[in-house]
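The hints should help you fit chain B onto chain A, whose structure is shown.
What follows is each chain in one-letter form.
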Amino acid sequence: MAEKKRYGFVIDISRCIDCRACLVACSVENQVPMNHTRIWVQDLGLQGQFPDLQRTFVPYNCMHCENPPCVDVCVSGATYKDPDNGLVLVDQEACIGCGFCVDACPYDARYLDESRGVVDKCNGCIQRVEIGQQPACVATCVGGSRMFGDLNDPNSEVSIALKNASKVERIDYEKDGHDTDPNIYFINGDVLGTSLQPRDPRYTVSEAGWKKVLVPAIFAGIGASFLVQATYFSKQLVEGEKEFEE
Amino acid sequence: MSHKNIPIEERRRLRTKMIKKHNLANILTHWFNVGMWLLLLPTGIAIISSPRLGLSPVWWQELFRNMFGGAANLIKFHYTLGLIWTFVLTFNILLGFRKYFVPFAFSRMMLDKDDIEWLKIKPLQMLGLMKGKHLPPQDAYNAGQKAYMYVVILGTIGIMTSGVVMTFKEIFPPILKQIAQPVHWVSVFSIVAGLIIHVYMGAVFPEEKEAFFSMFSGKVSAWYARAHHEKWYWQKVKEELEWEDDVQKQVAEEPVHTPEGAEPAAAD
Chain A
1 MAEKKRYGFV IDISRCIDCR ACLVACSVEN QVPMNHTRIW VQDLGLQGQF PDLQRTFVPY
61 NCMHCENPPC VDVCVSGATY KDPDNGLVLV DQEACIGCGF CVDACPYDAR YLDESRGVVD
121 KCNGCIQRVE IGQQPACVAT CVGGSRMFGD LNDPNSEVSI ALKNASKVER IDYEKDGHDT
181 DPNIYFINGD VLGTSLQPRD PRYTVSEAGW KKVLVPAIFA GIGASFLVQA TYFSKQLVEG
241 EKEFEE
Chain B
1 MSHKNIPIEE RRRLRTKMIK KHNLANILTH WFNVGMWLLL LPTGIAIISS PRLGLSPVWW
61 QELFRNMFGG AANLIKFHYT LGLIWTFVLT FNILLGFRKY FVPFAFSRMM LDKDDIEWLK
121 IKPLQMLGLM KGKHLPPQDA YNAGQKAYMY VVILGTIGIM TSGVVMTFKE IFPPILKQIA
181 QPVHWVSVFS IVAGLIIHVY MGAVFPEEKE AFFSMFSGKV SAWYARAHHE KWYWQKVKEE
241 LEWEDDVQKQ VAEEPVHTPE GAEPAAAD
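From first to last, the protein sequence lines stand for chains A and B.
Quick note on numbering: the first sequence equals residues 1 to 246 in this note's numbering.
Quick note on numbering: the second sequence equals residues 1 to 268 in this note's numbering.
Since the hints were derived computationally from the structure, they do not count as laboratory data.
Predicted model, so just to flag it, every value in this text is computed and none were measured.
Treat the hints with care, as some may be off.
Distance condition first, Cα-Cα at most 25 Å in a straight line; then the derived DSS-like pairs of lysine-lysine [unchecked claim]:
{"hint": "1", "chain 1": "A", "residue 1": "Lys81", "chain 2": "B", "residue 2": "Lys169"}
{"hint": "2", "chain 1": "B", "residue 1": "Lys113", "chain 2": "B", "residue 2": "Lys238"}
{"hint": "3", "chain 1": "A", "residue 1": "Lys81", "chain 2": "A", "residue 2": "Lys175"}
{"hint": "4", "chain 1": "B", "residue 1": "Lys133", "chain 2": "A", "residue 2": "Lys235"}
{"hint": "5", "chain 1": "A", "residue 1": "Lys235", "chain 2": "B", "residue 2": "Lys122"}
{"hint": "6", "chain 1": "B", "residue 1": "Lys76", "chain 2": "A", "residue 2": "Lys235"}
{"hint": "7", "chain 1": "B", "residue 1": "Lys249", "chain 2": "B", "residue 2": "Lys236"}
{"hint": "8", "chain 1": "B", "residue 1": "Lys238", "chain 2": "B", "residue 2": "Lys17"}
{"hint": "9", "chain 1": "A", "residue 1": "Lys211", "chain 2": "B", "residue 2": "Lys169"}
{"hint": "10", "chain 1": "B", "residue 1": "Lys231", "chain 2": "B", "residue 2": "Lys219"}
{"hint": "11", "chain 1": "B", "residue 1": "Lys131", "chain 2": "A", "residue 2": "Lys235"}
{"hint": "12", "chain 1": "B", "residue 1": "Lys209", "chain 2": "A", "residue 2": "Lys235"}
{"hint": "13", "chain 1": "B", "residue 1": "Lys99", "chain 2": "B", "residue 2": "Lys133"}
{"hint": "14", "chain 1": "B", "residue 1": "Lys169", "chain 2": "B", "residue 2": "Lys146"}
{"hint": "15", "chain 1": "B", "residue 1": "Lys238", "chain 2": "A", "residue 2": "Lys81"}
{"hint": "16", "chain 1": "B", "residue 1": "Lys76", "chain 2": "B", "residue 2": "Lys169"}
Only chain A is shown next, with the shape it has when bound in the complex (with noise of 0.2 Å):
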């Protein structure tokens, strides 16, 4: 392997029907309670005027993103960037289900699985690509409008789809210099400029209070503390220590 894997969709918009097989597929085999989903399809309207009409629907989902802000503010490290290749996971058995991460994500694409405390994603169906299938999505997408693969092997599906696409578009996050380069690319439509954007990252009072005051106090607190005991020790121990005490 010459290279790191780096799995993303590419999403064909103009092929999409709005069907939302995805979802269903998705749901089953993730097993996602009935009130929640993984995956969305965002309907933009109607676009142009009569007759020239035209109505779009974009297929989504967690973005896989290079710099996730999800995994930032984790704190068990239960979110995490696989190293292997290149998907946001989340090891279910270390969240507590804080939901720091929900608030985090631009895109908001978490959930709070509340009756099992803890925060559920698309996983890129990483336990059907290591077996060589397709994401349950992908797989049965009838439209061909989800393509999943490796975007750093140029002969992938994806690549292929990217290097014939009239249009390539990105929903990026870029702001006071955090971007979050997401894996998900759209192509052969728009959605620049439309109502799917992402929002700032929200940090929640514990989290931002606890990075901004907290922090700096315990060093602090250490810190003056390891002194003063070093400071004794040292002296203790270039002084040296009498054998009875006076």
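Below, chain B without anything else, positioned relative to chain A:
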């Protein structure tokens, strides 16, 4: 301190005479606590992996994740031990609540005027000021120890409750789990800040050597008690004298209670 002019004979007597400071329940709970902290603190630090916080070094996280076989196992280990720790400490306190905890709290933990004075002078002395000033006499625990004890008790309650919230993740709402995290670590690290001093003073600092061994034997020499915990020492002496008076009184009263015609017991 006044012990400079104690005659040599008296000093010898004080050094060999032992006074009981800790009971077995305290000693066992203390070393149980030590063992649990040694296991829980490193694994806990290894769990905190948020890059935005940057609290624990990545190599440390990876070392422990590899040692335990992944984050999930590491967390399971941490909270299983944590629950045992919570259970045992709670159990011990409830079991010994009236016999040990309440008397302990009242006789050894309350801050009095001398303690306040000590807290004012000692930090300045550590910075090299007010060298000439004498520290007021101290109880079984000095004011610094007492103050730290409050931090430990509050911190322990914080660690336990927030730990339970994060362990039973299906039961508690996300907002509580979010608040529990800073509560957990702030409690831990405020205890750790004092723990550095506690371990140094208890195990390394030469003047406090007896304190370390007393955590095994439960006893300190009268010499040490008088030098470091003067108020407590004189209290003990007073108690001892009262006890002796009692014994003497009983001995004096003894013949009255002997059955008639019985031979008086041979003097020991």
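Right, here's what the structure says about each hint:
Straight-line distance between C-alpha atoms of A:Lys81 and B:Lys169 comes to about 23 Å, which keeps the hinted pair within the 25 Å bound. As the CA atoms of B:Lys113 and B:Lys238 are separated by approximately 21 Å, the hinted pair is consistent with the 25 Å bound. For the given pair, A:Lys81 sits about 21 Å from A:Lys175 by alpha-carbon distance, which is consistent with the 25 Å threshold. As the CA atoms of B:Lys133 and A:Lys235 are separated by approximately 21 Å, the hinted pair is consistent with the 25 Å bound.
A threshold of 25 Å between alpha carbons decides the hint, and for A:Lys235 with B:Lys122 the separation of about 18 Å falls inside it, so the pair holds. This hinted pair does not check out: B:Lys76 and A:Lys235 have alpha carbons roughly 42 Å apart, beyond 25 Å. A distance of roughly 20 Å separates the Cα atoms of B:Lys249 and B:Lys236; the hinted pair therefore holds under the 25 Å criterion. The straight-line distance between the Cα atoms of B:Lys238 and B:Lys17 is roughly 15 Å, inside the 25 Å bound, and the hint therefore holds.
The hinted pair formed by A:Lys211 and B:Lys169 meets the criterion: a straight-line CA distance of about 23 Å does not exceed 25 Å. Proximity of B:Lys231 to B:Lys219 is assessed by CA-CA distance (about 17 Å); at most 25 Å being required, the pair is judged to hold. In summary, the hint linking B:Lys131 to A:Lys235 is supported, as the alpha carbons are separated by about 17 Å, within the 25 Å threshold. The straight-line distance between the Cα atoms of B:Lys209 and A:Lys235 is roughly 16 Å, inside the 25 Å bound, and the hint therefore holds.
Pair hint B:Lys99 plus B:Lys133 does not hold up; C-alpha atoms about 39 Å apart against a cutoff of 25 Å. Between B:Lys169 and B:Lys146 the alpha-carbon distance is near 35 Å, which puts this suggested pair outside the 25 Å criterion. For a cut-off of 25 Å, the pair hint linking B:Lys238 to A:Lys81 is broken: about 68 Å separates their Cα positions. For the hint linking B:Lys76 to B:Lys169, the alpha-carbon distance of about 13 Å falls within 25 Å, and the restraint holds.
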